[in-house]
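Student: Heads up, the sequence shown is in this note's numbering, so the first residue is 1 and it goes up one at a time.
Worth double-checking, as some hints may not be accurate.
To be verified - In silico DSS-like pairs for lysine-lysine, Cα to Cα no more than 27 Å straight-line:
id: 1; residue 1: K106; residue 2: K143
id: 2; residue 1: K106; residue 2: K8
id: 3; residue 1: K143; residue 2: K113
id: 4; residue 1: K106; residue 2: K124
id: 5; residue 1: K113; residue 2: K124
id: 6; residue 1: K143; residue 2: K124
Bear in mind the hints are in silico, worked out from the structure with no lab data behind them.
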Amino acid sequence: MLTFEQIKELVELVASRRLHALELERAGFTLRISGEQTAVREVQIAAPAVAAATQPAAVATPAPAPVAAAAASAAAAPRTDLHVVTSPIVGTFYAAPSPDSPSFVKPGDRVRKGQVLCIVEAMKLMNEIECDADGVVAEIYPKNGQPVEYGEALFGLERD
Numbered sequence: 001m002l003t004f005e006q007i008k009e010l011v012e013l014v015a016s017r018r019l020h021a022l023e024l025e026r027a028g029f030t031l032r033i034s035g036e037q038t039a040v041r042e043v044q045i046a047a048p049a050v051a052a053a054t055q056p057a058a059v060a061t062p063a064p065a066p067v068a069a070a071a072a073s074a075a076a077a078p079r080t081d082l083h084v085v086t087s088p089i090v091g092t093f094y095a096a097p098s099p100d101s102p103s104f105v106k107p108g109d110r111v112r113k114g115q116v117l118c119i120v121e122a123m124k125l126m127n128e129i130e131c132d133a134d135g136v137v138a139e140i141y142p143k144n145g146q147p148v149e150y151g152e153a154l155f156g157l158e159r160d
């Protein structure tokens, strides 16, 4: 069971990272936190096209985050011929077990199903992300220390 403080941290995480939703399943219960109301307010502010033409400064303020997020998603779009390993949780991507350790994997490494590829830190817990197929690491999408969302592409593998 989660404590009030842990739930509060999750709510703050959803708000600070402007996530649409976060769903957490633990032994016997499911917690779903929706951040969509914030996004709806932003869309309503940016919606008037006439106001955008006459008052560009007012519209420019909420626009950079979604535009930057869309650009990051487009830049990190995986090749279609690769098997993509995605993040099962929201958190921070780490390529190595500690700052002074070598990365778990690098492009060109052969990996096996069950092998640890990276760590995603969520709520002060280090979650090892394991490979779900055999192959060769072709691409690593996030940078070390970068926030990742649920379902975000982490690795692109060339299947054996």
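Student: Does each hint fit the structure? Answer for all of them.
Tutor: Status of each hint after checking the structure:
1. In summary, the hint linking K106 to K143 is supported, as the alpha carbons are separated by about 12 Å, within the 27 Å threshold.
2. The straight-line distance between the Cα atoms of K106 and K8 is roughly 36 Å, outside the 27 Å bound, and the hint therefore fails.
3. For the given pair, K143 sits about 23 Å from K113 by alpha-carbon distance, which is consistent with the 27 Å threshold.
4. Using a Cα cut-off of 27 Å, the hinted pair K106 and K124 holds, with the two alpha carbons roughly 25 Å apart.
5. A distance of roughly 26 Å separates the Cα atoms of K113 and K124; the hinted pair therefore holds under the 27 Å criterion.
6. Only pairs whose Cα atoms come within 27 Å are accepted, and K143 paired with K124 is accepted, the gap being roughly 19 Å.
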